[in-house]
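> Listed here are the chains, written in short residue letters.
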Amino acid sequence: MNALLLTLLTPLIGGLLLILVRPLGAAGWLNLAVSALTLVGAVWLAWDVAHAGTIAGLGFRLDAFNVYLVALTAFVGLTTSIFSRPYMRHVCAIGRLSAGNLRLYHVMYQAFMVTMLVALTTDNLGVLWVAIEGATLATVLLVSLYRTPESVEAAWKYFILCGVGIALALFGTVLTYFAAQHVIADPDAGLTWSVLYEQAQALDPTVMRIAFVFLLVGYGTKVGLVPMHQWLPDAHSEGPTPMSAVLSGLLLNVALYAVVRLKMLVDGSLAETATPHLAGALLMGFGLVSFTVAGLFLHRQRDIKRMFSYSSIEHMGLMTFAFGLGGPLATFGALLHMLVHSLTKSAIFVTVGHATHIAGTQAIDGIRGLIRTQPAVGWSLLIGVVAIAGFPPFGVFMSEFLLLTATMQTYPWFTVALLSGLAVAFAGLFRHLHPMVYGAAPEGQRPVQANMLPVLIHLGLVLWLGLSIPGFLAAWLDRATQLITGTHLL
Amino acid sequence: MSLTVMTLLEQFVLLLAALALFLSFVLLAQARLVAAIHIFAWQGALVAAVTLTVALTGQASHLYFSALLTLALKALLIPWMLHRLARRLGLERHTETLTRPALVIMAAVALVIFSYWLVAPMVEHGLVFTRNIIAVSLAVVLIGLLMMVFRQQAVAQVLGFMSMENGLFLAAVSATSGMPLVVELGVAFDVLVAMVLFGVFFFQIRESIDSLDVDRLNRLTETGEIEERRPA
Numbered sequence: 001m002n003a004l005l006l007t008l009l010t011p012l013i014g015g016l017l018l019i020l021v022r023p024l025g026a027a028g029w030l031n032l033a034v035s036a037l038t039l040v041g042a043v044w045l046a047w048d049v050a051h052a053g054t055i056a057g058l059g060f061r062l063d064a065f066n067v068y069l070v071a072l073t074a075f076v077g078l079t080t081s082i083f084s085r086p087y088m089r090h091v092c093a094i095g096r097l098s099a100g101n102l103r104l105y106h107v108m109y110q111a112f113m114v115t116m117l118v119a120l121t122t123d124n125l126g127v128l129w130v131a132i133e134g135a136t137l138a139t140v141l142l143v144s145l146y147r148t149p150e151s152v153e154a155a156w157k158y159f160i161l162c163g164v165g166i167a168l169a170l171f172g173t174v175l176t177y178f179a180a181q182h183v184i185a186d187p188d189a190g191l192t193w194s195v196l197y198e199q200a201q202a203l204d205p206t207v208m209r210i211a212f213v214f215l216l217v218g219y220g221t222k223v224g225l226v227p228m229h230q231w232l233p234d235a236h237s238e239g240p241t242p243m244s245a246v247l248s249g250l251l252l253n254v255a256l257y258a259v260v261r262l263k264m265l266v267d268g269s270l271a272e273t274a275t276p277h278l279a280g281a282l283l284m285g286f287g288l289v290s291f292t293v294a295g296l297f298l299h300r301q302r303d304i305k306r307m308f309s310y311s312s313i314e315h316m317g318l319m320t321f322a323f324g325l326g327g328p329l330a331t332f333g334a335l336l337h338m339l340v341h342s343l344t345k346s347a348i349f350v351t352v353g354h355a356t357h358i359a360g361t362q363a364i365d366g367i368r369g370l371i372r373t374q375p376a377v378g379w380s381l382l383i384g385v386v387a388i389a390g391f392p393p394f395g396v397f398m399s400e401f402l403l404l405t406a407t408m409q410t411y412p413w414f415t416v417a418l419l420s421g422l423a424v425a426f427a428g429l430f431r432h433l434h435p436m437v438y439g440a441a442p443e444g445q446r447p448v449q450a451n452m453l454p455v456l457i458h459l460g461l462v463l464w465l466g467l468s469i470p471g472f473l474a475a476w477l478d479r480a481t482q483l484i485t486g487t488h489l490l
Numbered sequence: 001m002s003l004t005v006m007t008l009l010e011q012f013v014l015l016l017a018a019l020a021l022f023l024s025f026v027l028l029a030q031a032r033l034v035a036a037i038h039i040f041a042w043q044g045a046l047v048a049a050v051t052l053t054v055a056l057t058g059q060a061s062h063l064y065f066s067a068l069l070t071l072a073l074k075a076l077l078i079p080w081m082l083h084r085l086a087r088r089l090g091l092e093r094h095t096e097t098l099t100r101p102a103l104v105i106m107a108a109v110a111l112v113i114f115s116y117w118l119v120a121p122m123v124e125h126g127l128v129f130t131r132n133i134i135a136v137s138l139a140v141v142l143i144g145l146l147m148m149v150f151r152q153q154a155v156a157q158v159l160g161f162m163s164m165e166n167g168l169f170l171a172a173v174s175a176t177s178g179m180p181l182v183v184e185l186g187v188a189f190d191v192l193v194a195m196v197l198f199g200v201f202f203f204q205i206r207e208s209i210d211s212l213d214v215d216r217l218n219r220l221t222e223t224g225e226i227e228e229r230r231p232a
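Chains R and W are the protein sequences, given in the same order.
Quick note: the first sequence uses this note's numbering, first residue 1, plus one each step.
Quick note: the second sequence uses this note's numbering, first residue 1, plus one each step.
Isolated chain R (complex conformation):
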């Protein structure tokens, strides 16, 4: 319980402190220190959960599934803060950002971390909703941080679309609570996930079916499922790059986590009806459509950050599909994919941040000859894209291979769709990547001061996961798989 308090209170208090800190240099360091302490708390928490199994109390509940996402969130939060400190100072130095807005950025960074960690750790579906809506509110001002017409437009779209989506999710939550009232006597426990899960088979299937549609559309908007994805490329491309890294790497995961938790409830409720796999089928449909459409859209992108946002939609689609498929193998693959996608995608966004500073533009046409100008950035981008496209020996290959195997076992025909989708996405990424990293650099293009440490750590980990998944991590993911599907894989 102490570990949980440390994990949740550190970013909260840190965020409040950051309101007061005036010197800009100090704020960046404080942000980093707070993120580091949060990671310490998260690791401690993971350690506790590994020994105790499940920790519950104060309305929070941690099991193997969410504690792994807590650790991932805190880890990416730390590495991104390492990257963001010099990056945001550079942005400030070239006059794109005022000192007040930089302070806003730091405060909101920590506020965002709090909301995501609360969303992951809470046992209450209502609090989950409040936290996910809070994550939107914390990031919406960051999307429009630069005050350009494009960024204001992106932020407004983000605000309105996610606001509407999340409102529908609240309606779904109310319906779930309504269903629970006929089953659970204590009204205060009616939204507690663990209580609902135990009684899931008694929940009225008709109500739960309608509720799940609302919940899926609502939280699916935040996952970036097509056709509710419209906000995502805009918000991810117009905000500051560290924000893109945490949005793509973390927020989408948290929203998907919510969907999976709710699917577990609905599966329990519908088990005895004529359509026991309705929730899974819906996830598979939405997932496959998102995966395919995003892969096609990769081809026509002209803005580098937009391109990688579409790549995020594509991967979230793949994970949604896999969770919908169900079964231990697909679930294990999806959990692993969540992990490697977050690590790779945030590494790519960090590199893209440096690349745009070198080229002075976000337009793909304007970014040329990165390897010539600054080999570290060029090679990182190349390796990052190779990793995200699913090439061996990186971790993404591993998880995609598992997903394809699982698909082959259950619905062989979908393998064709998945493989062609992967090929389309690969082509889309590489046709843009090739001229950006190779070729001659434009006259006068200079290297920038770049801190490649976060990228190195992330890509190193992804490589490690591709070569051999360490035993403790495999056991951990296996326990999460068992929680979700009821059966072990290993």
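Hints are computed from structural coordinates only; laboratory data are not their basis.
A few of these clues could be false.
[Unchecked claim] Only part of the chain R face toward chain W is listed, based on derived beta-carbon distances under 10 Å:
(1) Asp-48
(2) Glu-153
(3) Gly-190
(4) Pro-233
(5) Gly-444
[Unchecked claim] Far from chain W by the CB rule (all over 10 Å, computed), these chain R residues:
(6) Pro-149
(7) Gly-163
(8) Pro-442
Ideal placement from N, C-alpha and C gives every residue a C-beta, glycine not left out.
Given the structure of chain R, go ahead and fit chain W onto it with the hints provided.
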């Protein structure tokens, strides 16, 4: 549906909810901004009245508190903030020309029918009252959504958003006699923060496109030529 199967209290709650739904229609068709804000405030007051009525049945004592919270937030504070924003943005006399109001109203009617159709399978619970109230709240939510789609003016869109929240609150209070207090407080906090942020955005949007007509926010498209952009 026969009225006799419902208690007098349920009939009264249903009447209030139906009035809230009616106000959703009025809100949808109201072209004058300030008048629309007033209608929204009345809708909030109706939701508070529903909460109070449910509280009087004595099922959950914390509902008195949520009735007060709803009244303060939805009927007073948020309309007041919107009113002040409209004044500061010079929109007191703003009138939006609605394109095809008849069609929009027809669409709203269709949404009400859709809501009833959606909850029709929930007959097993046998509660005519809950079925009706959920359908009515869902209709309020969906009409709010419709308003956000059809209105081009940013303040009107926010009114649609807030009226969706009213529908959600109506559902929570009347179908389930209120969510747990911590959730209710959290939701209220989120709504309040959202309102403050909306206010910030009105000024940002006006600064960037010199108008609050969000249809002009169309620089970010898939096909449009992007000009040389600075890195973010």
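> The structure should be examined with respect to each hint, and the outcome stated for every one.
Outcome of the hint check:
1. Asp-48: Result: violated, 24 Å to nearest chain W Cβ.
2. Glu-153: It holds, given that the least Cβ distance between Glu-153 (chain R) and chain W is near 4 Å, below 10 Å.
3. Gly-190: holds, 7 Å
4. Pro-233: Nearest chain W Cβ about 8 Å off; hint holds.
5. Gly-444: violated, 16 Å
6. Pro-149: violated, 4 Å
7. Gly-163: Per Cβ check, Gly-163 (chain R) is inside 10 Å of chain W; nearest 6 Å; violated.
8. Pro-442: holds, 13 Å
In this structure, the hints that do not hold are numbers 1, 5, 6 and 7, in rising order.
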